[in-house]
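Colleague: Single-letter residue listing:
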Amino acid sequence: MKWKTLLLSISFGTLFILASCRDDPYKQGRILYQNFCASCHMDDGSGLAGNIPPLAGADYVAQHQEALACIIRYGMEGEVVVNGTTYNNPMEGIGALSDFEITNVINYINHSWGNDYGYMTYGEVKKALANCSED
Amino acid sequence: MRPFSKLGLALSLLLLFSTACQQQAELPILSPKDDRGSFLPVPDFSFVNQDSMPVSRATFAGKAYVADFFFTSCPTICPVMAQQMLRIQRHFSGDSRLLLLSHTIDPGRDTVPRLKTYAENLGAIPGKWHFVTGDKDSLYDMADDYYNLVVEDQNLPDGFDHSGRFTLVGPKGYIRSYCNGTSPEEVGQFIKDIETLLHEMEDATAQH
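For the protein sequence lines, the chains are A and B, in the order given.
Numbered according to the UniProt record's numbering, the first sequence terminates at residue 135, and the numbering increases by one at each position without gaps.
Numbered according to the UniProt record's numbering, the second sequence terminates at residue 208, and the numbering increases by one at each position without gaps.
It should be emphasised that the hints constitute simulated quantities derived from the structure, not laboratory data.
Keep in mind that a hint or two might mislead.
Which residues of chain A face chain B? A few of them, derived with a C-beta cut under 7 Å, are [claimed, not checked]:
#	residue
1	Ile31
2	Gln34
3	Cys40
4	Ile52
5	Ala56
6	His111
7	Gly114
Yeah, the Cβ is synthetic: ideal placement off N, Cα and C, and Gly gets one too.
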């Protein structure tokens, strides 16, 4: 009887942990996103009308995976076209994020709000950051 | 429990539910009072909007309006506030009795052309949503009058400390409601308050 209870609680416990991992595989990325990006790009990644571009369903994000790390660290300015709309407001870099944290933010964005843009590894992000162009 | 108390309980519960569902019939006046106890309307002001047109209290005569304070390069709360102002504009897009008034707190950088670009990119309806700039002290004084906190502070990432409040002003210039403009839930209630005020204005015109 005791063994059965123990076995049962272990299996349910494992199931529970597995389920919660599955629910939130991008936990750090999500928290970082909320603290460093959501004020501008919004919780749902929709951006702000014609002033701040979206990250959700954004062709730019899908097509410029190698540029994301540099944008996050050093910011971006000048015109950028996202889903056919031209945006032109400077974004300042988020210098507080480590290479590892940037990787987690990118993977959170790549798999949120219906996005399915694949994975960036820590190695790829490190390499991208070493080659950010000066502009 | 005696049958009487059961009935009493049922009745009071019913009363509770019915009042909870009912919309508040009238909004309170939240403006400060003078020495004699009469409410003080928002003082007159003189700013210029994104279309280089003067904007003053007369612009809003007989109208209700929502006032807030922001600046275009603000990295913290302003984009979310703008998103919520857009939501209010969308909700009342067909009702010319409600206007919106956004003041920059960074008039040094937020010139008229810059406000115009910002407003157009947002999709602000001309004549409905005014983005104004002007004398810095006057802008900050008005923030006080709308119960908004605005302090310049170079140590903050924004360079400003501001509360992000939305203030609802009625047709007589009295403050009728306010909310935290960064909270979608509070703005939801605020939209209901605006509806209540517009009903009240309807009743007032019907009486006269």
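Colleague: Can you give the numbers of the hints that this structure goes against, from lowest to highest?
Modeller: Going through the list in order, the structure violates hints 1, 2, 5, 6, 7 and respects the others.
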